[in-house]
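Taken in sequence, the protein lines are chains A and B.
According to the working numbering, the first sequence holds residues 589 to 1091 in order.
According to the working numbering, the second sequence holds residues 1093 to 1247 in order.
It is worth saying that the hints were derived from the structure and are not from the lab.
Treat the hints with care, as some may be off.
Stated by the list, open to error - The calculated lysine-lysine pairs, modelled on BS3-like cross-linking and capped at a C-alpha distance of 25 Å, are: (1) B/Lys1153 x A/Lys1086; (2) A/Lys690 x A/Lys1086; (3) A/Lys979 x B/Lys1210.
To be verified - A short list of chain B residues far from chain A (calculated; beta carbon distances all over 12 Å): (4) Phe1180; (5) Leu1201; (6) Phe1242.
Predicted, not measured: the structure shown is a model, and the values here were computed from it.
Backbone N, C-alpha and C define an ideal beta-carbon position, used for all residues, glycine too.
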Amino acid sequence: MSYFDQLINGFGNALTPSILIYGFAGCLAGTLVGVLPGIGPALTIALLLPLTFKAPAVAMFVLFAGIYYGGMYGGSTTAILLNTPGESASVVTALEGNKMAKRGLAGPALATAAIGSFVAGTIGTIALTFFAPIVVSVALTFGPAEYFSLMVLAAVSVTAVLGNSVVRGMTSLSLGLIIGLVGIDLQSGQPRFTFGGIMELLNGVEVVVAVVGLFAVGDALFLAWQGREKTKKTVIISPKNKWYNWMTKEDWKRSWKPWLRGSFYGFFIGALPTGGAEVPTLLSYYTEKKLSKKPEEFGKGAIEGVAGPEAANNAAAAGVLMPLLTLGIPTSATAAVLLSAFESYGIRPGPTLLTQQSTLVWTLIASLYIGNVILLILNYPLVGIWVKILKIPSQWLYVGVIIISSAGVYGAGRSSFDLALLFFFGLIGYFFRRFDFPAAPLIIGLILGPMAEQSLRQAMIIGMGEWTTFITRPISASILFIAFILFLSPFLIHFYSKRKKTR
Amino acid sequence: MNVLRFSLALIFLSIVAIWQITQIPKSTLYDAIGASFVPKFAVGLFVFFVILYLYQSLTRKLPDIADDKNEKPLKNPISRIGYFSFGFLLFVLLVKPIGFILSGTLCGLGISKSFDTKISITSVIISFLIALSVWVLFSVILSVNLGPAFSFKIL
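If we strip away everything but chain A, and leave its shape as in the complex, we get (with noise of 0.2 Å):
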């Protein structure tokens, strides 16, 4: 059967009723996150992961498809009219999109927000739908070595990129990386870091209680430490006129080429090992200042700082999928929730999953394309209820965020000790937003250590213990040379500019 006919019958799943219910329920609640400042879609997935256990795949999977692609939609209302990107991937969006609500102009900058998210999301899942299999044909001729390569690409892109500093992503990185290797090991059956081998750290420690930790309660530490969230006037700028009418002809003509150009960037920047959405709409966002007609407007308010940005952050969203369900490698937090989501059902991503899991793949895919119409549908009239949500006072929201996150924990195992672990984990990510440490590099080392491991194992045991195994493959050394490469990037560019400046 070819891939045209899969993805086909893909649709006819999608388009089942239950599965229909849970990609509504996905974009919903999505969408809900996403304007809600603090909990992102990483966090609500970690949040539902109990209900694995629960539903069948496909469901569950098209569920947090659905709440990905809505929490990118649902960062957009509030960092247009708060001010306060609901994610990091929105914080762009926030420059112009909030300076022209403040202009009057918040109907156009939701509008052109909404429906370049749609026009990007579409594209992005048409790319993914025809760029997997190709790269899924390449990754078969993949061994461990090539594996492990890619691996450490993909740690080291993701930290030399991500945050503000090196040493600052490294030392997140490689705590996740121990953090990742406690517990039993697999292959000898030795206990590793489990401090004279206390049981609950037997089998590890799992994603969700970090994820959960670091995001939800280390945000809800650093704000109750800050005291300036009864402080903060909540100003929100609602749109005055019918949402039918927020977008005027010169609108649509200035917005259309950002969508298209954000697209592409999103989707082919986001479908590297280095993944995310930050990257993508920052470059997006200066391409259009600079071919703007109207460059006095940035700063200002001018609407292709909305459309192209929203449209690459939507876009990566179908981008981080690429290496997620082709290689199996996670590029972003929610891509590494999802992993776990995926092993929880026994699921391996890699290049096999398109041929072992077809059906639940190619569902996925089909429900992307029908939960971007849906959050068309929901984004676009519903903006006056989101804007009520947002005024719920914030000491309750976190309280609900708290209690939410310990059910979410507590219920998986029902165990005390992974509720102080949450704890510790909410410490971590105090001081990691207090001292400025990026919080996705020890999620993406906590996932890919273990894996890593395991591929360098199995490579060492093929090359008959040889380390020259991994720079003697071709695609092995050449991944290994561009991960170099990028992770020395940020200091030669730091020595270069000094250097120039000192000229």
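Please build the complex by placing chain B on the supplied structure of chain A, with the hints as guidance.
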């Protein structure tokens, strides 16, 4: 806590990690690199970058939100952290003996207090309702086992 103290805390964590490396028993099974190679590498990497961070904290100004005049905490940050931690730890200790809803209510009170909300009948009711809603959502609607809503094992 400032940057220097935080970097010293990371050094302490490094020492703990090194101590844990020495506790990994040797395996008699054949393995090209053994069970302790990757942990040693990860800890080595961590120690290296923590030392670099400590060096940077001694030689230049590193970011700390507490130094940012627009973001620095308002007065009594330690007591707010204390209320939060106390509320959360009550939840950890009491969720099994008194059930999810009462321990959740106590946790909610601690967290709301950490956001400068006075403890009153209203805050008790709101915390109770939030804990109750979460228990109903997870336990009744989504069938996630959170244990009993109320328990009196403590008596």
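Exercise for the section: Check each numbered hint against the structure and report the violated ones by number, ascending. Expected result: 2, 4 and 5
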